[in-house]
Amino acid sequence: MTSNVFHDIRNNLAVAISSIEAFREGILEPSPARLGVVLHALNEIDVLLRKIPREVPASGAPANDLAEH
Amino acid sequence: MTITKTGRRTVLVVDDETAMVEVLEGYLRDEGFGVVCAHDGPGAVEAFREHLPDIVVLDLNLPGFPGTEVLRQIRALRDVPIIMLTARVNEVDRVVGLELGADDYVGKPFSPREVVARVKSVLRRGERAEAPPPVGERRVGGLMIDPSSHDVRLEGKSVTLTPTQFRILEVLSANVGQTLTREQLLQRVSADGDVYDRTLDRHIANLRARIEPDPANPRYVLTVFGVGYKMVDPT
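Sequence order for the protein chains is L and D.
For the first sequence, my numbering assigns the number 2 to the initial residue and increments by one for each residue that follows.
For the second sequence, my numbering assigns the number 1292 to the initial residue and increments by one for each residue that follows.
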C-alpha cells in the first residue's frame, strides 16, 4: 500500500524537478499551463506525504507498512 | 539491429505523464534527435511498429499494459535498445536483469540531461557492436598489425600492447601519412571518453617504447607539433 505512495511521490517529484530544470535551461517555456502542472505535482506530493504514518520507530526496523515492495 | 542508420536518430519516449514526455522530448530535440511519443502500453507498441525508432525510453508504470509487457512485445518485433524509467527502485534489478533485458535504467526523479546522456551512451554501445569487422592485417614498414586478432609484430617479433595502445596504433595505421589532430585521435580511440587529452601523450609515449627501435627518435609515430600525430612508413 505505502509502496504506491512512495512511487507516486517519486513520479510527482520527477515531473516537478524535470520541468523546472527544463525551464531553467531554456528547453521549455514556463507557460502558465506548465507552471500549473508543476504546482499540481507539488500539491500531490503534499497530499501523499500526509498518507504516510507519522510515527516512525526511532530505532530498529522501520514499520512494516513503510517498507517498499 | 543489423542495419547501421545514418543521419538523425529517432527516440520513442513513453510515459503516462504528459509533462514528463514533453520535457524529455524538448531535451532530445535540443540534442538533434527525432522524437516520437506515446502515453500508454498499446500506444507505445503501435508507435514502435509505425516509426521503428532507434532506441526506446520507456516508463515502467503505464496504463493499458505495463512497460514490462511493452518491452517484451517490442523485443519480439526487433532487437532495439531500451532504457527503462522507473519510480520503483525495487523493480530495477528485475528490469535490467536477464529476465527483461533492458539496456539501462534511470530512477525517478531524474535530471533530464541524465536521460539524454544514457540515450547517447546506449546508442554508442550499439554502434560499436554494429561496426564493420576490421579488415585483414596491414603492414607499415617492419610493423604488422592484425586488427582481428589484435596481433602486432615488429620485424616478425610479437609486441604486447595494452588495449588503448592497440586502438591508437589501429587508428594511426589506418591513416598512414595523414596527420590526425589530438581531437580526432581521442574521438576515434575512445568511444567511452576513457582516454583524456592529458593522457594521450603518455599513451603515445608508451606505444613508442614498444614499437619504435629508438623511442627517442621515432620513425613510425611522428609528432606534428601543435597539431597531433601521424604514422609514416619509414622504409
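One thing to keep in mind: the hints can contain errors.
Partial list, computed: chain L residues near chain D (C-beta under 10 Å) [said to hold, decoys possible]:
id : residue
1  : D9
2  : A23
3  : G27
Which residues of chain L face chain D? A few of them, derived with a C-beta cut under 7 Å, are [unchecked claim]:
id : residue
4  : N12
5  : A15
6  : I18
7  : S19
8  : S20
9  : E22
10 : I28
11 : V38
12 : L40
13 : H41
14 : V48
15 : L49
16 : K52
Bear in mind the hints are in silico, worked out from the structure with no lab data behind them.
For each residue, glycine too, the CB sits at the ideal point set by N, CA and C.
| request: Using Cβ atoms only, decide whether I28/L comes closer than 7 Å to chain D, and label the hint accordingly. | output: Since chain D brings a Cβ to about 4 Å from I28/L, closer than 7 Å, the hint holds.
| said: Given a cut of 7 Å on the nearest C-beta pair, is the interface hint for A15/L held or broken against chain D? | reply: 4 Å, holds
| query | Does the CB of A23/L sit less than 10 Å away from some CB of chain D? | reply | 5 Å, holds
| message | For the restraint on H41/L, tell me whether the closest CB of chain D is nearer than 7 Å. | response | Violated - the Cβ of H41/L stays beyond 7 Å from chain D, reaching only about 9 Å at its closest.
| Taking the closest Cβ pair, is V48/L under 7 Å from chain D? | Cβ of V48/L sits 16 Å from chain D, so the hint is violated.
| Interface hint compliance - G27/L to chain D, C-beta minimum distance less than 10 Å | 9 Å, holds
| said: Please check whether L40/L passes as an interface residue: C-beta within 7 Å of a C-beta belonging to chain D. | reply: 11 Å, violated
| Holds or violated: is the Cβ of S19/L closer than 7 Å to a Cβ in chain D? | At 4 Å from the nearest chain D Cβ, S19/L passes the 7 Å test, so the hint holds.
| query | Does the nearest C-beta of chain D fall within a distance shorter than 7 Å of the C-beta of S20/L? | reply | Check passed: Cβ of S20/L comes within 6 Å of chain D, closer than 7 Å.
| query | How about E22/L: closest beta carbon in chain D under 7 Å, or not? | reply | Nearest chain D Cβ about 6 Å off; hint holds.
| field | Hint status (Cβ of D9/L to nearest Cβ of chain D, threshold 10 Å) | value | OK, holds: D9/L within 10 Å of chain D, min 8 Å.
| field | Proposed interface contact between N12/L and chain D, which counts if any beta carbon pair is under 7 Å | value | 5 Å, holds
When held up to the earlier numbered hints, the structure conflicts with 12, 13, 14, 15, 16 and fits the remainder.
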